[in-house]
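Under our numbering, the first residue of the sequence shown is numbered 1, with each subsequent residue one higher.
Since the hints were made in silico from the structure, they are not lab data. Some hints could be false.
[Unchecked claim] With a cut-off of at most 20 Å between alpha-carbon atoms, the simulated SDA-like pairs for lysine to any residue come out as follows: (1) K140 - N41; (2) K175 - L54; (3) K3 - E66; (4) K6 - A164; (5) K6 - R166; (6) K175 - L13.
[Unchecked claim] What follows is a list of derived Cβ distance ranges for each label pair: (7) K6 - S178: 33 to 43 Å; (8) D120 - T68: 38 to 48 Å; (9) D84 - F4: 18 to 28 Å.
From a predicted model like this one, the values you see are computed outputs, not experimental measurements. We treat Cβ as the ideally placed atom computed from N, Cα and C, and that holds for glycine.
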Amino acid sequence: MSKFYKIHPAIGLARVGNHPTAFFLGPEQPGAAGIEIGADNSESPVTQYKMEGLIKRQAARFRVYEYTTDATGKPSLVGEVRGDQAEIEWRVDLVNRKAALDHSPTPGHPAGPRNIDVTDRDSLIIRNPQPPIISGQNHKGVEIHGRFLTIQDVYLGELQTDSAGRLIVLGGRGKSESDPGGADLLEFANNDR
Numbered sequence: 001m002s003k004f005y006k007i008h009p010a011i012g013l014a015r016v017g018n019h020p021t022a023f024f025l026g027p028e029q030p031g032a033a034g035i036e037i038g039a040d041n042s043e044s045p046v047t048q049y050k051m052e053g054l055i056k057r058q059a060a061r062f063r064v065y066e067y068t069t070d071a072t073g074k075p076s077l078v079g080e081v082r083g084d085q086a087e088i089e090w091r092v093d094l095v096n097r098k099a100a101l102d103h104s105p106t107p108g109h110p111a112g113p114r115n116i117d118v119t120d121r122d123s124l125i126i127r128n129p130q131p132p133i134i135s136g137q138n139h140k141g142v143e144i145h146g147r148f149l150t151i152q153d154v155y156l157g158e159l160q161t162d163s164a165g166r167l168i169v170l171g172g173r174g175k176s177e178s179d180p181g182g183a184d185l186l187e188f189a190n191n192d193r
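Can you build the whole structure from these sequences, using the hints too?
As structure tokens, this is what we get:
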């Protein structure tokens with residue numbers, strides 16, 4: 001019998017909002033509402049997606065699970081590993097790949113591909129040069145920044161942990177700009193740089 005660990009969900013979605021601090025967790029089960037975390041760490045269904053006239057960010061929460069395999073190799077879930085049971089260290093590579101997309105969103109979509117004159121598609125990916133690390137319980141506010149072409153500081157989001165040491169990833173605050181600055185928008189979507 002051997003042990004192994006998996007992070008669930010395997011992929012998470014964090015959506016932007018313009019509120020500087022308020023957020024909610026995205027749904028963690030099919031058909032469920034998002035989740036609000038109270039100051040006392042209580043959890044309840046989200047009731048409002050705005051606060052003070054600003055849009056709350058949608059965060060993604062990640063958990064570690066332990067599994068075992070039997071003699072035939074069949075896996076069995078043991079359970080969630082929480083921060084009070086083990087030291088969990090999260091290393092996060094949060095990126096924005098939108099400018100690097102080189103195709104139309106879907107066939108027949110009125111917007112065309114973006115940045116087709118840029119051959120090095122990786123140069124259009126916004127990422128923190130050194131993925132940050134967060135660990136422990138109730139850790140707040142590890143910000144992630146990257147750069148985009150000549151724009152030196154692009155806020156990508158932030159990391160937190162909850163009372164059980166689970167990772168919470170918040171996306172950006174919905175601010176966008178062009179490179180070079182002040183460039184006109186020629187389309188409603190998929191504008192270059």
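So, against the hints stated earlier in the document, which numbers end up violated here?
Structure breaks no hint.
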